[in-house]
Amino acid sequence: MEDLGLSLSLSSSLASPRTHHVAAMLLRAPEKRFLEMPLLPAKRGEAAPDQEGLRGGGSDDEDGGCGIDGSRKKLRLSKDQSAVLEDSFREHPTLNPRQKAALAQQLGLRPRQVEVWFQNRRARTKLKQTEVDCEFLKRCCETLTEENRRLQKEVQELRALKLVSPHLYMHMSPPTTLTMCPSCERVSSSSAANNANAAGGGANDGGAVCHRPIAVRPQQS
DNA sequence: TACTTCTGTTTAATTACGTCA
DNA sequence: TCTGACGTAATTAAACAGAAG
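Just so it is clear: in the first sequence, position 77 is 77 by UniProt numbering, and no numbers are missing.
Among the hints, a few may not be true.
Derived pair list, reagent style DSSO-like, types lysine-lysine, alpha-carbon separation capped at 27 Å [what the hints assert, rightly or not]:
hint, residue 1, residue 2
1, Lys126, Lys138
2, Lys100, Lys128
3, Lys79, Lys138
Think of the hints as simulated: they come from the structure by calculation, not from any bench.
Take the sequences, apply the hints, and build the full model.
Below, the structure is given as structure tokens:
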């Protein structure tokens, strides 16, 4: 997404683990810290010149790349590296060891770094999905709240009507009716006229047949 | 306008812990 | 039961951008 602090590091895709280790040992000195400093001010979103082999792996010995003073050195992946990782992630969100090693070699990173990137990427994906789900549920809640308000109002009006003129109430067309399928438990709202047979009985007698609705009417008290 | 400082965000890396072969 | 590999969740800290003065 963004980047880049172009930093020199010891590891490269060309270096064997052994040479890497030796080099890291040799540079447990102020020079190492100097080599890890950014070469450029590094504006975000600006691609750095091809750095494969120069960066990645940052301060990486096997201990995870802390500076000589114990401070953690943070690697910034280049735009290209991020793109390759993203592509790979889209193809398969988890890696087997072979894929991990191949990606690491291709990008000039340690397998561990690739692994960490995928871990973090999965976490970000999950977080984003959670946010989407949350938004969806919020909208559902709002819709249901509104529906509930509407139904409450309807009930109130019907009760009032029943008090004022019971005769008219008995002969009016049925109010909104909620129906629920006993087997799939899907609820829908419709006119009770459509469900007159269901209201008559047997709608809730075992629930083996789908979409036999249960009529729900306002209580007659 | 150029600078410094502060603050919030992003993300690489670490740690702790659970699961499974 | 123990072990190692691998996963997730939570957290830390470096790098960065942008606002404010």
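Structure-based check of each hint:
Restraint check for Lys126 and Lys138: satisfied, since their Cα atoms lie roughly 18 Å apart, inside the 27 Å limit. Taking the CA atoms of Lys100 and Lys128, the gap is near 24 Å; set against the 27 Å cutoff, the hint holds. Distance restraint check for Lys79 and Lys138: the Cα-Cα separation of roughly 36 Å exceeds the 27 Å cut-off, and the hinted pair is therefore not satisfied.
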